[in-house]
Amino acid sequence: MTTLSTPPHDSAERTARSAPSPRGSRRGARSPVRRRRGDLRFVLACLLPALVLFAVFMVYPTMNVFRMSLYTWSGFSPDMKFVGLDNFRHLMDDDQFVRAFQNTVALLVVVTVVTMGMGLFLAAIMTRQKLRGRNLLRFVLYIPNILSVVVIAAIFSAVYDQKNGLLNGALRLLSLDGWQQVWLGNQKIVLYSVAIAMVWQSLGYYMVLYMSSMAGIPEELYEAASLDGASVTRQFFSITLPLIWQNLRTSLTFFIMSAVNLSFVLVRAMTGGGPDSSSEVLLSYMYKQAYTNSSYGYGMAIGVVIFAFSFLVSLLVSRATRREPLQF
Amino acid sequence: MRRSLALAGTAVTALCLLVGCSSGGDDAGSGRTTLKVAALEGGYGRAMYSEVIKAYEASHPDVDVQLQISKSIEDEITPNMKAGKYPDVVVLGQGRKAALPETLIKDKALEDLTPVLKTQVPGEDRTVGDKLTDGIVGNLNTNPYGTDQTYLMPLYYAPTGLFYNQGLFMEQGWQVPATWDEMFELGDKAKKQGIALFTYPTSGYLDSYFYALLADIGGEQFYTDVMTYKKDVWKTANAKKALDITTRLLSYAAPTTVGYANEQDFTKNQQSILDNKALFMPNGTWITGEMADAPRAKGFAWGLTPLPAATEGGKRYLTTSVESAWVPGAARNKDAAKDFIAYLYSDKAAEIFAKSNAIQPIEGIANSLTGESAEFYKLYEDPSVSALVGGFASTAPVEGVDIKATLFDTANSIISGDTTEAKWQSALNEASEKLRQAGD
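Listed in order, the protein sequences are those of chains S and F.
Per the numbering used here, the very first residue in the first sequence carries number 1; after that it's consecutive.
Per the numbering used here, the very first residue in the second sequence carries number 1; after that it's consecutive.
Accuracy of the hints is not assured; some may be wrong.
[As the list claims (entries may be wrong)] Straight-line alpha carbon distances no greater than 20 Å define the calculated PhoX-like cross-link-like pairs of lysine-lysine that follow:
1. F:K434 to F:K235
2. S:K188 to F:K191
3. F:K404 to F:K423
4. S:K81 to F:K277
5. S:K163 to F:K423
6. F:K277 to S:K163
These aren't lab readings, by the way, just hints derived from the structure by calculation.
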């Protein structure tokens, strides 16, 4: 069915390397060593602008975050006080921080599992089942991804409105009055209300991503499988999933990182971290500490924790999902 | 040849990209002073600033005033400030999320403006200090370190308190309660008609409620004790009384309050006053403009009242919100900045500001008002009512401690039953104690 293979060698490169060099001709031609060095210089020169920008806007600020986390500083004054790891020690005793951390982890787990699961499911249906109007469906599902966060917050404010909201209105219509909730006011469910908005926002993007990789799987594999009597579910788990696995891994890492950011912007626009900090996430807490509470160094310490956390989670996910690459 | 051209091209591109990041050159030294003024575009609009600046430039031909005005002015001036380019005058009050003045206060990075009080207003024969109303400077809002030095000049002031619908009270024959007992009696009466006694837009609006309540209960001394984190101040009987009253009041809160108490939906809480679904909410005079286009119940008329007195006939306070003008310590044209600030208190400037409803704390200005806002400012004329200015004293920042959040946001949890009054009190005590130690 599928074959295990190593990536094909670049044969063109090999022939180029083994081809005899025009050493004999002396008519102005430079030696290959010199030429290669010249090429290298040219490549470096081309890369330089990007490298400089990367260093100035990514590497330097990131290093600065690490450095600043060791200071107490309000953000403006020239006097920064070096305090070593004190900021991190304070983090341990800070209940609000622990709560924000828990919320972030909960959001990451719930949103990742639901988005990835639903994205795969929908993508499989859209590519395998020849649904009528699937282009329209794909379009509709993708739209939330291009909306600005403020618009999303406004939409969900209308959906979650406790009196005339879409959600509570629909529940009333179905005579499920008992299920009605104050979606953004109940401390026990506000986080999940934010999670639903996050899933809604990112689902379409990942669905389209998986659809494109699923579309690349040769049809014969499915034909052969169905001749062998494999059910649609079996085909999904034995053909589709293994063949898009590399894609899935990459998108999973991206998703975890973007979810950390998305949770911040959505929380800020929808709930402001409230009620009473019950929907605070790490980045919104970092913002509050660094700016509203004038503890810039402490905020940067939270930034370091976020950095380490996303790095670690991505690494773990990447390790845990490592498989031999399958090709068709 | 071609390669070196390509190399040169790349280098130029790289340089251009970097140059694009830096801003253009500074003003050429033409002998004129360029005064950079940054202002928050609040409820009063931006036109009044342009007018005042035009008038100032007309009388000061050697000064060129550059105005930068925005609804999120902090976001626009902070990056430049970090790069060492400071505006000369900033018009921005305390209590906003970005907390820029608060941060600079903590940093001791503001210019001492005490001399401005003794400066003659340009073109007039009185000093700025003479023109200001009594008691508007010398509090923690203007003198944040509790000393005689004034760092923030109060530019506009507005009373905040409980807003309600006068029409509804007239229709029902209700009296605006003068004591807390009457307040809760009214709450029971209103409840029978399906009207909640209390709501708030977001918990942050409780500042106008709490500051006045603390002063009503324990007098100005107690209020100052709380604001300066006196040891165990939250364990006192007065503090307990404040929390008791608040907890009881919150039990009368409109059930929709917490669900709407966020940036996105807070106007829905404000709407409940317009719809006669709730009786009182803490707010400021800007509410009339903010909700000007909102639908309202028949016969609706905005009313403002101070909090009920703690004891019958007791003194009542109106938390007064003050927008300030200040000069960063690192500003380049400090003298020109001080002169400009003095000019902002001139009769000409006051007239322009008053046209946009921006009322300055200048003797006699409030008398010239007409309409809705005149009624609000008249509250100060009641001998039993005093203005209360200020807020929590600034200390060195304490990581993870935000006493305003502990005091105000917990109201959400009290309403929803997620926490208790006792826990609230001990959290306040803990936060206050940490800040006290940082202040020492």
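Outcome of the hint check:
In summary, the hint linking K434 (chain F) to K235 (chain F) is supported, as the alpha carbons are separated by about 15 Å, within the 20 Å threshold. Using a Cα cut-off of 20 Å, the hinted pair K188 (chain S) and K191 (chain F) is violated, with the two alpha carbons roughly 27 Å apart. With a CA separation close to 16 Å, the supplied pair K404 (chain F) and K423 (chain F) stays within the 20 Å bound. Annotation: proposed proximity of K81 (chain S) to K277 (chain F) is violated, straight-line Cα distance about 52 Å (limit 20 Å).
Restraint check for K163 (chain S) and K423 (chain F): the C-alpha separation of about 31 Å exceeds 20 Å, so the hint is violated. Taken as a hint, the K277 (chain F) and K163 (chain S) pair is honoured in the structure, with Cα atoms around 13 Å apart against an allowance of 20 Å.
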